[in-house]
Structures are given as C-alpha cells and as structure tokens.
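Student: Here are the chains, one letter per residue:
Number of protein chains: 2
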Amino acid sequence: MLTFEVLTTDAPSATSSGSHARRGRLTLNHGVVQTPIFMPVGTYGTVKGVMPRSLEEMGAQIILGNTFHLWMRPSLDVMQSFGGLHGFERWNKPILTDSGGFQVWSLGAMRKITEEGVHFASPVNGDKLFMSPEVSMQIQTVLNSDIVMQLDECTPYETNGHLTTEAEARHSMAMSLRWAKRSQDEFSRLENPNALFGIVQGGMFEHLRQESLDALVAMNFPGYAVGGVSVGEPKEEMRRIMAHSPHRLPAHKPRYLMGVGTPEDLVEGVTQGVDMFDCVMPTRNARNGTLFTRFGDLKIRNARHKSDHGPLDPTCTCYTCQGHMQADGTVSGGFSRAYLHHLDRCGEMLGPMLTTIHNLHYYLNLMREVREALEAGQFGAFRQQFAADRARGV
Amino acid sequence: MLTFEVLTTDAPSATSSGSHARRGRLTLNHGVVQTPIFMPVGTYGTVKGVMPRSLEEMGAQIILGNTFHLWMRPSLDVMQSFGGLHGFERWNKPILTDSGGFQVWSLGAMRKITEEGVHFASPVNGDKLFMSPEVSMQIQTVLNSDIVMQLDECTPYETNGHLTTEAEARHSMAMSLRWAKRSQDEFSRLENPNALFGIVQGGMFEHLRQESLDALVAMNFPGYAVGGVSVGEPKEEMRRIMAHSPHRLPAHKPRYLMGVGTPEDLVEGVTQGVDMFDCVMPTRNARNGTLFTRFGDLKIRNARHKSDHGPLDPTCTCYTCQGHMQADGTVSGGFSRAYLHHLDRCGEMLGPMLTTIHNLHYYLNLMREVREALEAGQFGAFRQQFAADRARGV
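Chains as they are written, first to last, in the working numbering: chain R, 1 to 394; chain G, 1 to 394.
Just chain R, same shape as in the assembly (with noise of 0.2 Å):
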C-alpha cells in the first residue's frame, strides 16, 4: 500500500524564482510521511545511540532498516516470530529497507555477482550464502517494511583507481534492470502488502540514466529511487546525477535519493525533486564530534570550547541544545559546548548520545523547515536564507 500526494510545488513567485520542489503527503501501511523528508538510518534494527521515544520526539517519521545486516543477525526466524521489524524494535511508524545489494557488493573480494545473483561468505560466522533478487524480497517480506527496495547493482565509480566506463556502467544498469523485473514479480508473488520501489542506475551517464529511468517508468513501479550516487565521486558528478534524474522522474510517484548527504545536498536534491533522503552522515559525525548546526559545523572535540557555556546552536530546540520541559516544570537537558566537549574528551557514552540527537534533529529540522518554506511558496528565499547561515560560521 502507497499513496502520495503532491501538496504544493515551488512554483516562481515574489519569494521564489521555481524550482522541481514539492511538498508531498507520503501514505504507507504503517502512517503517514510529510515530504520533503529525512530518514534517519537504522542498520541493525537501531539507529545508533538512540532511544526510539527521542526519534518520536525530534519528529522523525520513518527509519531505515538494512536488509543484509538484519538477514545476518538477529536472522530470519527471529524477525519472522516478531511478525517483521517494526514489533522487533519497537518503532509503530513506517520504515524502509534496502536490498542488501549495496552492502553485499561491499564485500568485495568475499562476493561473487552473476546474472543469478551474488554469492557470498557470511562476515558473521563464514556460512555461504545467495542473494538475489527473490531472496531480497523474501527477506524484506518478512522483515515487512513500509517501503522495499528492488535488488540492484551499486555501479562503482571506480575501482582501484579505474574509473567505470560507459560500457561497465551500461552493462550493470541493463543488468539491475533485469533484477528490478524479478524483483517486482517476486514481491507479487509473496503478496507482499507493502510498495516496492525501483532504483535508477547508469553512473555518471546521464544518457544510460535516462535509459534506466525509461524503462523502470515502463514497469510502473509506485516510487523510484535514485541509487548509484554518493559513491566516492567528487561533488561536482553527484550534482549533475542530481540535476539529471530526480525531476524526470513521474512527478506524481515519490522519489528517493539513496545515501545522500550533506545539508547543502539535501536543499539541493528538493531543489531537483527529491522527496526523501537517507544518509549516516548525521549519527555517524556525531560520534566523531562533527555537529551541523544553522551557522556552520562545528568540531566539538575542539580546544576552544572548553569553557563556552553556550548551546551547540542557540535556535535548535532539541534536548541537547534547549531541553524538555518536564511533567514538574523543570527542564532536563540544555547543555552547553564546554560539558559536551568534556564528554568527547573522556570518551563518555552520553557525549554520542546527545550529539546523536542534534544532529538527527538538526536533520529532521531542516526538512521541516523545507517542507514549510514550500507551503508559504518561499523556497527561494529560504534556499538563499539557508545559504548564509550556513555560511556565516559558528
């Protein structure tokens, strides 16, 4: 089950010169997703440092889950006695899973990929393993995420230094193309009640994405993504994908963005279309003490502030940043620059944890600040607000 609703498009204005922007209503088997939106990454059943109720409370609406590592540990049996995974972690609104191919693909040396699909070495415990297409959608059946991902090849940018030429990239498309065909026929044949997308893939091509998205188009799938980005190329190539693909996409399905990126990328992917976005970037720079704030990032595990008794971000209303009124009237939380750093230095548990909750909530933030800047019909001036903010510097 999938409906989604173009609420608005930033159409030219006073305030806006229009853009492929859309504010959007995503509908799914387990509640509702406003877009423009950010999902925060759940590996293993977990997004890392997090407790579910603070997700809830910093606005996230759906979470991701990856196929491979939840097929590895806690394994099947156990996802399917839990009826999937929302009941396993305890999250009651929609999630999204991967394929697995992207993290199978990583392997490298311990993987074999023919046309049937990729054989494997369990990481785990050396077991040998297949992955296909239908294994990825029975897997992803069981674990009953809101939102399937076809099993795709990740065409590389390079390998060891060659760089994928045309006729690779070409051969691997027309290849996941293949896979999104067995993908879809096997999601039917489970009757898996949930939407499978497909995955536009060509690398730097812009001529073999148009053929990619051509033909996925074709199979009609209820939402694409955009797959094969943000895979070690420089900025310049992700931002012409970005500019090729997302708004040629049919404008009446949604379209995700896989593995992007930074807050820059973001505003930039609405501003091609994009209606969802994933990426680690925001869990996994808090535990290295990098912080996105509305004036610049910051290094927290820097010298000067040691003693700055002021939040990470003096407009972020998040925990860490503002605190939470409490049912006695006093605040809990609010912390300031000198106490995190303190925690980073002595590498305490609550130094990620707290960073963990600006940042997802620095995320979730800026989309919602998007998706309101879309609904005013003030995407433009927002984009040149957020600009300079970000410029100005901590």
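Misleading hints may appear alongside valid ones.
Note that identical chains are pooled: a pair holds if it fits in a single copy or bridges any two copies.
Below, a list of computed lysine-lysine pairs in the BS3-like style, where the Cα atoms sit at most 27 Å apart [said to hold, decoys possible]:
| no. | residue 1 | residue 2 |
| --- | --- | --- |
| 1 | Lys48 | Lys299 |
| 2 | Lys306 | Lys181 |
| 3 | Lys306 | Lys128 |
It is worth saying that the hints were derived from the structure and are not from the lab. What you are looking at is a predicted structure, and each value in this text was computed from that prediction instead of being measured.
Dock chain G against chain R, hints included.
Tutor: Chain G only, in chain R's frame:
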C-alpha cells in the same frame, strides 16, 4: 545545610522481627532525599550511558560525582565558571562527592602517601599534583556538592597477598582521623554551605572501627559514612563490618555505606541501619550485560534469550521493560530479551543505554519498595519475600 529526620524505625511487629532499619528524610541545599536511598554514580559528571531526564524519570534523588576525576577533567576553572557541578552537568537535585582519596590511593605506584597528604602524577598529563584534606575541601567547595566527604586513607584488605595487620589498620585509621579534623577545619574556613561527612575506618577490626567511630562522633559531623568495605574482602568479612558499625552511629544522623553493593547487600545494609548507598554495580554490570531482576540476575548474552519475546522482568516498570506512554497515547519502549540480546551481539550503543536504565531502575525501585515496607511496618515480611523472589530464578 543538612537536616535529617527519622520517620519510622523497624520496630518488632506481626510482620517484622525488628531490625536497625529506618525510614528517613534528608534535606540538603538542592532538595529532599527520601531514605533509604541508592545513589547512582556519575564519575565524570555523567552517570554512564544515561540522560539526566531518564535519571529523573526513574526517581533518582541524589547522584554522586568523583572529585578526583572532575579535578583532572574538565578542571577546576571550568567547574568554577559553572558555579559547580550542578550547572555543568545540568542536574538540579542533590549531589554527593567523594573526597578523591580512594582514586588517589588506587594510583598505586604512581603516588606517595605522607601525613601531610598524597603526592602523585596526574594520570591525564603526568603533572605532579598534591592532594590533602585541605585540597580536597577546596575542590569539593568549587564543585558545590550537597554532601562533601572528608579525605581519608582507604585501608586495604590486602596488599600483594599480605593481609593488612591490626597495627597497619590502626596507623591508617588514626591518620584518617587526623585528616577528618583537618577536613573539618578547612571546610569551616571555606564557609562551605553544604554538609561534611566523616568516614569510619579501621579495616576488618571491630575495635578499631569503634575507636574511629567514637572519635568521629565526638567531632560532631552532620552525617557519617562507613568506608573501607567492598575493597576486596570476602563477603563474610564485609557483612561482619556491616553488622558492627552502622547502627552504632548516632541515630539522628544519616549513615552512608560507601561502595556497596549487590541488591542483597543493600537490603542487609538497611537492616543494619544504613540510609544511603552508592555502587557502580548497576551501571557497570549493565554495560557488561549482567542484569538485575526481581527473580534473580541474568546475562543477556546468553543464547537462551535469542528468541525470547518477554521483557527482562515482567514486574518492572522501566522504559526498557514496560515502555512509557507518550503524549499521543502510544507506548514507546518495552523491549524484548531477544532485542536486547541482539543489540548486545551487534555491539550497538542502544544495548547498554537500555540495560543501564533497567539496572538503575531496579536499584532505585528496590529502595522504594524498602521505604514502603518500612512505612507499612512490614520490613521483615519484605525481606523474606525479597529473598524468596531473588532465589526463584529468571
């Protein structure tokens, strides 16, 4: 400032054979503490792995800070700029700080103890530092903790296989008494507005403990601790000292048993007249996957939990076991053993976050049940039920 009222004692009745246990109310500069109480340990200005809001939700009334650690990091000038530990770590309820003596003593070869104080090299940067009763009082005054501990020498149970002799224990205890006097004088001179506790020492020798206790009582501290237990001695030795000292301390003043212990030790401590406990066990064990429940302890790493849909403890009301009702009426939390087992296996941060909440909640709830039993005149019955439940097994 400190006031203490004994509200009820465990007099012999139909449901109790009577004991030294008492139910009290301790008023400090930052609030009221209902005793008997367990105090979570927040060494570096954070109870490891827990947000302050979670501590408040689980009913923590007072937490610890470690003077030595906080002196090293973030340093006293940072602490001073925040007006003490409360503002720095954003905890508005009472705080107790230790003297730093135990940590300095634990440095082993890196320190030299004399009558004057302890010379040692900073474990953080190698700086030559000096700790004395006066220095400890000065640091704790900057920390502005509600309860300040005198500097003492922690008499070891054994040193490289050599059991501490009566002469050694006497020598050490006598120095701790002189340091008690110096602590008291300096605390006074600094006009510290909080409360200073004296610490009973004397090793495993009751007559030395009695001497220490008598001398400290003569010095009229507002509260007393029993130190030098849980330092590697056999359980019977610890129980022997627990049976000696607490109930001999002044009845109208709070009694604190330092660094103890298991749930059984806490109930025994209350029976012997103790009002306050602290221990790293609930937090440290949580991080190692050893969890306390009403029906005994369990190791979440054990394969038998792999597919178990049940909570750690069906009688537990913590976020991990039962979950919390949210503003929108849905429940967040309430995780299965299978999920916690999976998080542990994957090394996910959420594992220790959830198990720490559970273990601390268990300790705090145990003390709440103790207080309720004392109020109801049922402490004897409570002890029997507690022992039977814990022996049942999970």
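Student: If you test the structure against every hint from before, which numbers come out violated?
Tutor: Of the numbered hints given earlier, the structure breaks just one, which is hint 2.
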